[in-house]
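Enquirer: For reference, the chains in residue letters:
Protein chains: 2
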Amino acid sequence: MEFEVRFLPEGKRVSVPAGSTVMFAALRAGVDLANICGGKGFCGKCLVEVLEGKVPPPTEQEKRRVSEEKIKKGYRLACQLIVQDDIVVQVPDQSRVGRQRLVIMGKEPPVRLNPNVKKVYAEVMPPSLQDPKGDDLRIAKVLASMGFDSVLIDYEIVRGMPKILREGGWKVTFTMLDNREVVNVQPGDRTKELYGVAVDIGTTKLAVFIVDLMDGGIIFADGMMNPQIRYGEDVISRIGYASQSDENLKEAQKAIIDGINSLIERGLKETGIKEEDLYELVAVGNTAMHHLFLGLHVKSLGFSPYPPVVGRAYNLKARDLGVKINPAGNVHMLPNVAGFVGADAIADILASRIHDREKLTLLMDVGTNTEVILGCKDGLWSCSTASGPAFEGAHIKCGMRAATGAVEKVKIKEDFEVEYTTIDGERARGICGSGIIDAVAEMLRTGVVDMSGKIVLQGHRRVRDGADGREFVLVFKEDTASGKEDIVITQEDIREVQKAKAAMYAGYMTLMRKSGFKREELSEIIIAGAFGNYIDPENARIIGMIPELPISKVSFLGNTAGSGARMCLKSTEIRKEAEDVAKAIKYVELAAEPIFEEEYVNAMYMPNSKLEDFPEVVANVKAPRVVKRYVRR
Amino acid sequence: MEFEVRFLPEGKRVSVPAGSTVMFAALRAGVDLANICGGKGFCGKCLVEVLEGKVPPPTEQEKRRVSEEKIKKGYRLACQLIVQDDIVVQVPDQSRVGRQRLVIMGKEPPVRLNPNVKKVYAEVMPPSLQDPKGDDLRIAKVLASMGFDSVLIDYEIVRGMPKILREGGWKVTFTMLDNREVVNVQPGDRTKELYGVAVDIGTTKLAVFIVDLMDGGIIFADGMMNPQIRYGEDVISRIGYASQSDENLKEAQKAIIDGINSLIERGLKETGIKEEDLYELVAVGNTAMHHLFLGLHVKSLGFSPYPPVVGRAYNLKARDLGVKINPAGNVHMLPNVAGFVGADAIADILASRIHDREKLTLLMDVGTNTEVILGCKDGLWSCSTASGPAFEGAHIKCGMRAATGAVEKVKIKEDFEVEYTTIDGERARGICGSGIIDAVAEMLRTGVVDMSGKIVLQGHRRVRDGADGREFVLVFKEDTASGKEDIVITQEDIREVQKAKAAMYAGYMTLMRKSGFKREELSEIIIAGAFGNYIDPENARIIGMIPELPISKVSFLGNTAGSGARMCLKSTEIRKEAEDVAKAIKYVELAAEPIFEEEYVNAMYMPNSKLEDFPEVVANVKAPRVVKRYVRR
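Listed in order, the protein sequences are those of chains Z and W. Just so you know, we're using this note's numbering here: the first sequence kicks off at -9 and counts up by one. Just so you know, we're using this note's numbering here: the second sequence kicks off at -9 and counts up by one.
Hints are not guaranteed to be accurate.
Given that identical chains are not distinguished, each listed pair holds provided it fits within a single copy or across any two copies.
[As the list claims (entries may be wrong)] In silico EDC-like pairs for lysine to aspartate or glutamate, Cα to Cα no more than 16 Å straight-line: (1) K53 with E146; (2) K573 with D603; (3) K182 with E266; (4) K600 with E538; (5) K349 with E157; (6) K387 with E511; (7) K30 with D205; (8) K573 with D121; (9) K367 with E567; (10) K161 with D75; (11) K289 with E237; (12) K240 with E146; (13) K573 with D76; (14) K131 with D368; (15) K403 with E237; (16) K109 with E183; (17) K264 with D248; (18) K161 with E583; (19) K289 with E157; (20) K387 with D458.
In short, the hints are calculated from the structure, not lab data.
Starting from the given sequences, assemble the full structure and let the hints guide the process.
Expert: If you want it as structure tokens, here you go:
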């Protein structure tokens, strides 16, 4: 039996089998509906209003995420609502995603929930003339009976505590940090309101997740550009800026914290959660972002051997940092491995479980900096390469960020004519990271360039000498949004891509050679990072950014840094694991490594000057082989 | 052999045996010279300038407390400088005490120095390409080798740490709190600069001590009126004020903290110590002062059964409280026993060692509130009585604080004429606490009043009916400073003294009866509290404020609350002892105690309606016995 679901205001109609969810119907109908938690009923984002038709009673998840009042008015969660009649639903604006390329979600393995904060409801014995001892002693007593020994009470909390105890008739909810410290006292039973924040501080993007620590669900997720970007596009320039003066450092820190706070605020507003009920914030980032978030002096990160200030996991009071959670709450920073392999790499490992794997795996967290991790349960090796901002569209003549009108997919035909798609299908405005990789791979495949990256195609309308040297026209101006200038790939653009991919591949090869693993042992490649999601793995392999493995062995996990942060928020065991990984992982400083130098030069060729390592690519590309000696700048 | 010491600018000369100190000479000559640490060379307050004569080289203590430059100019410490020639010394103004009655010192038993903060000098291994791990890991490693395991680094410190490590060439001094947390990193060897602050927060007075935690010496001591006094004279009115609103509470807290900070600031200025080198502040006070200092809600202290908010010892970060010591430093509050027996009583016990004593001892810490403690090593009992502000000169017609011109000692002769002394020997302005006790005791002894406290003397020029009823003229107006009004003791003044002393004695008797100790076991009486020092024990016994024991068994220990705070600052073992005492001590809430009621009524008589308990007093006073039934207010 099928029923019809009609979505308003679009008026789209779709038939689905009885027992389907409204979310399923929306997907089938192509209706834009938020789906942050993947249909688990956690995030509460897919709120719809049922206008007509019979519906089953609300599920437990709906009762939890939707107010009683709203449910009465017909509001339901599309992912929970089962279709058992012809129905008409209205999709409110706030339940729509729109098209955005700030990918902040990443794959996350299941985690046994055991957060560092817990809530317990307790009835405290009120004082009497026979027993007039201090409130703190009464609390210590009742908490001891529940297994919390020698508890401390945070100063922020202790001040107003007597009032709350009395207002609550001595029946209160305690929030315990680390099973030891009382970080909130609330009247009555408030045990269900226990939330935390996971933060991924990328060089370019910030992502904030609010997690329900009673069930582990993500109930809010949002991202924004890292406001610190005004102090420099890459890590090195940020370090330079922040090292100049204490004021600069403070400014740079404030930029990140303000950004995170604004996202948290948005989350609180949308979810109706109270700031006091956010008890922990777990943050990851590369070492520079980690340090700038904490306001640590970063000068040492700018000079060899680039030691971090803080390598171990670090905890501090929320009020000391000024993040918008309960001021008595805890901020937990994952450990850093080295100056350029930070807490985000640890988070990547936790989320991808490389350290548990039987078989050798390569993980690349592609971003402005790319962290390269090679290993399995027998050992982990790491390094960091400055892949540069090329993939973010910077330093590319017609480069742009992944936004409306960016060329994101490119195909070059036998006749060297070009097929492409743009984000949102709008007229082309420029080319973004995935587009440039596609373009270069296609130029290599069709022989527009030779293996050294030189544009060798002659006598075609798309190849010419431009103001910046030789160039290939991707989109002629009549097809662009502006209508004024052609979108081109210059010789210099190709060099930028070569440098970026060479650094990544050379990083991998250096780890391979230093670690003693054998190349034939490599059985899987994981591409992480928000940007990674958009890379065509075939093209990444053609240009030699990643080693040649069957495409089925390449997987994309998205923003695993954020996933690792959430896992640590949800589980103290995972936090322990993070510290173990940080202790065990070996770090290779590439700046001091002759092997890297050598592999970098090899990898400037496309796919590589060691052609034998890329037999399948070599068999399929038309690019002429050339002999050319690159010297690394 | 004797030498002559001449003191300028007074020009006083004195001969002392060779080998005497200049301090000894000053005492003999009656020259006003500060002597805070009792001649140990700790406080550096007795600085004098040697103008003529040969002197021995400076002692270690002098080198420590007097700058090299000053020593070259001839400045020396009078308590350290041995006379071995005729010498002339100049006493600078700042080395003079002047006459002040803010007694802040108290007896302090010796304590094995083992403070909660320690400094260690360490050479940290600098990072290298082979070993580029985090600064925190290097520090953890070197500190682990010195016995400090799994150290934490305070957030305040970690931020600037990399700079200091590098500026100090990786040779630095760490300050460890609780053997666990790094609360300062300083370049070079700074192990000698380790200081702490002990604070006694009295209802009326604040006392601040800066202690050198390398040798335990007091190097600065100063007091002031508690600025909170503007919100009420006694504890009850302060609680009332602070309970009205959160703003009031904040104001009341700020008043104390500002007062303490101003004293600390004065200390830093005088001693040249840096704020960052004050690492701990240990504070005591009665429960209300303790709570108001921390800004805790005090409403519950105003209602039976008066439970404290915090009974246990409490630690918090200096920056959270806003006291002027190293912001990463620790504030330690001694435990409170009950709503009206606070941390100051614990400090009294620690300093007087009652809990160690073989024989039963009574301790009274006399102040606006009087804490009464009875016990020995077999057990401790405590209560608190509102002795009221009578002893501070308030609620007494001609009462005044202990300041210049206050009548402080009174003798009434057989002919009822009066001999008295005033503070500073100036013409009388009023009568202070010790003067009023003397006066009432003398009136009782000579029969001016009967045992019920009624003025019964008739037909003498000093006894008359005044505006406020019957009164006794202590000083006729022609002898007063103003020359305008007689200084009198009214019938009502005598009642005030009776009420205060009755409460104290009844408190003692209640403890005696509740504890099961026997009265004949009582072998010693200790009077503590700044005011206590000025009480004539004989007169206190005559009016029945204290039980009748030989005068040799009554001792005065001064401000033992301050002493106990210093002891806890100097020793973590003593802190542990404080917690043990707080756990072991029994508290009797007098408001709920019929025994107290009964004993209070008995004690309104002078010395007491149970005359058999004061045989010696009864034998010596001329006051008529009367039968009168008092009913407690």
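Enquirer: Each hint: holds or not?
Expert: Against the structure, the hints:
1. For the homomeric pair K53 and E146, neither the shortest alpha-carbon distance inside one copy (33 Å) nor that between copies (44 Å) is at most 16 Å.
2. Taking CA atoms no more than 16 Å apart as the test, K573 paired with D603 passes in neither setting, with 33 Å inside one copy and 75 Å between copies.
3. Proximity of K182 and E266 under a CA criterion of 16 Å is satisfied intra-copy only: 13 Å inside one chain copy versus 43 Å between copies.
4. In this homomeric assembly, K600 and E538 come within 16 Å of each other (Cα to Cα) only inside a single copy, at 12 Å, whereas the closest approach across copies is 105 Å.
5. Within a single copy, K349 and E157 get their C-alpha atoms no closer than 59 Å, and across copies no closer than 46 Å, so neither meets the 16 Å cut-off.
6. For a Cα distance limit of 16 Å, the shortest separation of K387 from E511 qualifies neither inside one copy, at 40 Å, nor across copies, at 98 Å.
7. For a Cα distance limit of 16 Å, the shortest separation of K30 from D205 inside one copy, 11 Å, qualifies, whereas the shortest one across copies, 65 Å, does not.
8. Taking the closest pair of Cα atoms, K573 and D121 come within 16 Å of each other only across two copies (13 Å); inside a single copy the shortest separation is 50 Å, beyond that limit.
9. Taking identical chains as interchangeable, the C-alpha atoms of K367 and E567 lie at most 16 Å apart only when both belong to the same chain, with a minimum of 13 Å there against 51 Å between chains.
10. In the homo-oligomer, the alpha carbons of K161 and D75 never lie at most 16 Å apart, since the shortest distance is 46 Å inside one protomer and 77 Å across protomers.
11. When the C-alpha separation of K289 and E237 is checked against a cutoff of 16 Å, the pair qualifies only within one copy, where the shortest distance is 14 Å, while the shortest distance between copies is 43 Å.
12. Taking CA atoms no more than 16 Å apart as the test, K240 paired with E146 passes between copies only; the shortest distance there is 14 Å, against 25 Å inside one copy.
13. Taking the closest pair of Cα atoms, K573 and D76 never come within 16 Å of each other, the shortest separation being 58 Å inside a single copy and 71 Å across copies.
14. Neither within a single protomer nor between protomers do K131 and D368 lie at most 16 Å apart by alpha-carbon distance, with minima of 47 Å and 26 Å respectively.
15. In this assembly of identical chains, K403 and E237 lie within 16 Å of each other by CA distance neither inside one copy nor across copies; the values are 54 Å within and 76 Å between.
16. Proximity of K109 and E183 under a CA criterion of 16 Å is satisfied intra-copy only: 8 Å inside one chain copy versus 44 Å between copies.
17. Within a single copy, K264 and D248 get their C-alpha atoms no closer than 18 Å, and across copies no closer than 34 Å, so neither meets the 16 Å cut-off.
18. Taking the closest pair of Cα atoms, K161 and E583 never come within 16 Å of each other, the shortest separation being 63 Å inside a single copy and 30 Å across copies.
19. In this assembly of identical chains, K289 and E157 lie within 16 Å of each other by CA distance solely across copies; the values are 12 Å between and 51 Å within a copy.
20. For the homomeric pair K387 and D458, the shortest alpha-carbon distance inside one copy (9 Å) is at most 16 Å, but the shortest distance between copies (99 Å) is not.
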